[in-house]
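So you can see what is in the structure, the chains are spelled out below.
There are 2 protein chains.
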Amino acid sequence: MKKSIVLLLVVSLFLISAAVSDSIKSNNMNGMLDNHKMTQVGFIVSDIEKSATTWAEFLGVDVPDAVIAEGHHMNPTTYRGKPSDAKAKLAFFQLENITIELIEPLGENSTWKEFLDGEGEKVHHIAFEVNEMDETVKKFKKFDIPMIQHGGWDGGEYGYMDGTEKLGVIVELLQHYNR
Amino acid sequence: MKKSIVLLLVVSLFLISAAVSDSIKSNNMNGMLDNHKMTQVGFIVSDIEKSATTWAEFLGVDVPDAVIAEGHHMNPTTYRGKPSDAKAKLAFFQLENITIELIEPLGENSTWKEFLDGEGEKVHHIAFEVNEMDETVKKFKKFDIPMIQHGGWDGGEYGYMDGTEKLGVIVELLQHYNR
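Sequences listed follow chains A and B, in order. Those letters in the first sequence? Residues 14 to 192, per the working numbering, in order. Those letters in the second sequence? Residues 14 to 192, per the working numbering, in order.
Excised from the complex, chain A in its bound form (with noise of 0.2 Å):
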């Protein structure tokens, strides 16, 4: 019986130390992030109907749209904090394997502004998807990686979050709902 007893209990230990392994290890298995998926590399662009024009000759296709990013009401635009009413032209072309945005920033209180105006023309961000926005901006913070702003549109938001100093880049976090 009592040989029984100590098996159950070893048996148990072994179990339990498993699943936390496990668990740790899934926690930790993408970092800061939710996965290993780059989705956007992002331009700013001082002038979008021109660099629109440009990528579209220089990839082969057909000059997208330019759409206006605006505020939202469910995730008010937040720059460093504050509130802001910065807007932005964007446009995209569908790679392969990935999206690249063009951003005109329009007004101040921006990232988009104020790399354009820091750094000019030139990478801003690359971006990933997140499964809780919150959570995620959480480990950024502890990692030293601040937001610089964020924002929604319908059915999701982002988040910049400055890794300059530490990845010498911009991350975009976004999170789409219902997806």
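The hints are simulated quantities; they were obtained by calculation from the structure and are not laboratory data. Keep in mind that a hint or two might mislead.
Repeated chains share a single entry, so a pair holds when one copy, or any two copies, can fit it.
Here are the simulated PhoX-like pairs of lysine-lysine, each with C-alpha atoms no more than 20 Å apart in a straight line [unchecked claim]:
#1 K135 / K63
#2 K135 / K100
#3 K102 / K155
#4 K102 / K179
#5 K16 / K95
#6 K63 / K179
#7 K152 / K102
#8 K155 / K63
Mind docking chain B on chain A? Use the hints.
Same frame as chain A, but now just chain B:
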């Protein structure tokens, strides 16, 4: 008899024009490139061990070994048209759909060192695989995107094309032999 010859001519012309149109389409459908698969986003860093450690923690993966890229006898390195003995330390992170490449310049006379001095630790290039380096380089030149640096390794060659002005980023062309 006359009628059937005319009919034959009309059908032939139709088939020829369809073939020509297909060929034009297939030549242009990827623009300056052979495909629309972005294979790399390349970052210039000043200390590859430090950056590789940070990226590894960020992604939740092991720190990759850095490898040294140097000139290859088959494709001696040229930088802005002149021979160069530039080297670099490289580290790679294979994501689900794309590779992140970290590059620490060693020595002078390279786009890597020039970029680190002028721009700092940022996104340096996006890369695409090509079928015929020389043909693609010609197309890029006609599109006002000149080559900055060219070199090779066992099994392939690369060309850095200066898309900074037109696209906001350097485009690296990679040709793997025997693929």
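Verification of the supplied hints:
no.: 1; hint: K135 / K63; result: within (15 Å within a copy, 24 Å between copies)
no.: 2; hint: K135 / K100; result: within (19 Å within a copy, 25 Å between copies)
no.: 3; hint: K102 / K155; result: neither (32 Å within a copy, 29 Å between copies)
no.: 4; hint: K102 / K179; result: between (28 Å within a copy, 19 Å between copies)
no.: 5; hint: K16 / K95; result: neither (65 Å within a copy, 79 Å between copies)
no.: 6; hint: K63 / K179; result: between (32 Å within a copy, 10 Å between copies)
no.: 7; hint: K152 / K102; result: neither (30 Å within a copy, 30 Å between copies)
no.: 8; hint: K155 / K63; result: between (40 Å within a copy, 18 Å between copies)
Consistency with the previously given hints fails for numbers 3, 5, 7, ordered from lowest to highest.
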